[in-house]
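*Asks:* Starting from the known structure of chain A, fit chain B onto it as the hints suggest.
Protein chains: 2
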Amino acid sequence: MTHPLADGWFTEIFDQQGSAFSLKVTAHLEQVTSEFQTIDMYDTETFGKLMVIDGCTMVSSRENFVYHEMMAHVPLFSHPNPKRVAIIGGGDCGTLREVLKHPSVEVAYQIDIDEQVTRMAEKYFPELCESNADPRAQILFADGIDWIKQREAGSLDVIIIDSTDPVGPAEGLFAVDFYQDCMRALDQQGVVVQQSESPLYHSDSIIKKIHTDMASAGASTSHTFPFPQVIYPSGWWSCTLASKGGDATVFRIEDAASKSFRTQYYNAEIHAAALALPEFMKRALQLD
Amino acid sequence: MTHPLADGWFTEIFDQQGSAFSLKVTAHLEQVTSEFQTIDMYDTETFGKLMVIDGCTMVSSRENFVYHEMMAHVPLFSHPNPKRVAIIGGGDCGTLREVLKHPSVEVAYQIDIDEQVTRMAEKYFPELCESNADPRAQILFADGIDWIKQREAGSLDVIIIDSTDPVGPAEGLFAVDFYQDCMRALDQQGVVVQQSESPLYHSDSIIKKIHTDMASAGASTSHTFPFPQVIYPSGWWSCTLASKGGDATVFRIEDAASKSFRTQYYNAEIHAAALALPEFMKRALQLD
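Heads up: the sequence lines are chains A and B, in that order. According to UniProt numbering, the first sequence holds residues 1 to 288 in order. According to UniProt numbering, the second sequence holds residues 1 to 288 in order.
Looking at chain A on its own, in the form it has when it is part of the complex:
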């Protein structure tokens, strides 16, 4: 018997948790193998274009707004006056587009190790790349770990670690050494945010470790913000914000409420709401 998902579906199996998510695809548009990874582009029946890296879903046209808006607006509204922003990873340019919606931003660096991700995004997600020509945008293809190490101390306001999972090329981005370099590069009021995997699957492992590592690296406080992420394992995702000298739970709520730009997910109430943690997460992170 043929399996019902045999033809016309892309499936990501998340083996360590025994779950899988599939999208119905109408075409396999392109496959590129770069120096770092294999990128597949699909057209789907209901989610628009889909980018897959090394077999893991990365971005779809339909739902990427939740992730990109949370990764950009949570840290930028958590900083009193964000001018200098660095995005480590983020090659699809969606986070960059959101960052550049903030009028205070003077320069936004995007440092992805793999130029092919950006080339594929330009081709298949032009809407995510619509701010790439903004004069404030600096799109670099380099090792983000080295790049951060070379920054002058106190020269950045916000660092956004928009990485793949902590295996393969992104492994070094989930490490105390890297966080120390981030803290050094940040201004005293600076914040760093890291995509931090699934609340259900990773609260007492990856998420807990990010908090411990951020504290070891010198962060004064850190907080995890859950949000839905339909195409990622468990459909539930998070980012973890660490503040160098401030409070990671404080944000410019009035500025967020009167923001000058349009969003699809983020607003001031959503930011405040994402500060609330379920009971099991509080216990896993030993916050109660």
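Treat the hints as calculated values from the structure; they're not laboratory data. Incorrect hints may have been included.
You can't tell identical chains apart in this list, so a pair holds if it fits in one copy or across any two.
What the hints assert, rightly or not - Under the rule of at most 25 Å between Cα atoms (straight-line distance), these lysine-lysine pairs were calculated in the DSS-like manner:
{"no.": "1", "residue 1": "K123", "residue 2": "K259"}
{"no.": "2", "residue 1": "K282", "residue 2": "K101"}
{"no.": "3", "residue 1": "K282", "residue 2": "K259"}
{"no.": "4", "residue 1": "K83", "residue 2": "K101"}
{"no.": "5", "residue 1": "K149", "residue 2": "K209"}
{"no.": "6", "residue 1": "K101", "residue 2": "K123"}
*Replies:* Frame of chain A; chain B shown alone:
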């Protein structure tokens, strides 16, 4: 080539949205076909037991707590003094267990049309049935629509519509006639909550219709509360609360913060947080 999910996985295809979710199963424990539907029980590798009704995932041991706690504690803390509660559907008894954690509750009726769901829950989810012997619990197997119609006016404080999707046996539970009967059965301060499908998939269809229908049925206000629901389509779910004479966004926040019982997901901050709606939902529901 054999499909990677061919053996050892249960897959629910949500065809109308071109997505699917799968869990790795270690055993197909039992199949029962009742007068109303077919119930399958599986053992999974990482989600414990799994109940599937007519091919749709219903409950797993690992993540049912989010749904059951939101369906019970959101309406009960939204009522000033909930004493008389009716659960329409809810045959797995998980919502009933959460309702009975509230000391104010004097009687909780559970009216599921299909006794086999409860029999399977007793066998495979004993933890969800641990309060079934509570003297306040009235477990009935009957048509919830008829049962509500026969209630005396003003005789219930909270009605929880813990139903399957709006197709098949549950179709009549997503209808203005039924909501009118609910409003009649409720006390003036009463509230009714309905599981209301996926924010991503159903904001401008099912969820919007529930608000319109609740208003037509005489509700003074209604509000949708999103929450994660890992095994349901899109991994993101919601419930919609309507208040007969009060404000669906007001709840006993201090009582929730000092609740006498343990939860895994719900707490006072989570309740407040679930009041926040993403921008796209506000637009779909025309709240802005």
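*Asks:* Would you mind marking each hint as holding or not holding in the structure?
*Replies:* The hints, checked one at a time:
no., hint, verdict
1, K123 - K259, "neither (30 Å within a copy, 53 Å between copies)"
2, K282 - K101, "between (33 Å within a copy, 21 Å between copies)"
3, K282 - K259, "between (31 Å within a copy, 16 Å between copies)"
4, K83 - K101, "within (12 Å within a copy, 50 Å between copies)"
5, K149 - K209, "within (22 Å within a copy, 54 Å between copies)"
6, K101 - K123, "within (22 Å within a copy, 55 Å between copies)"
Violated hints amount to a single one, hint 1; each of the other numbered hints is respected by the structure.
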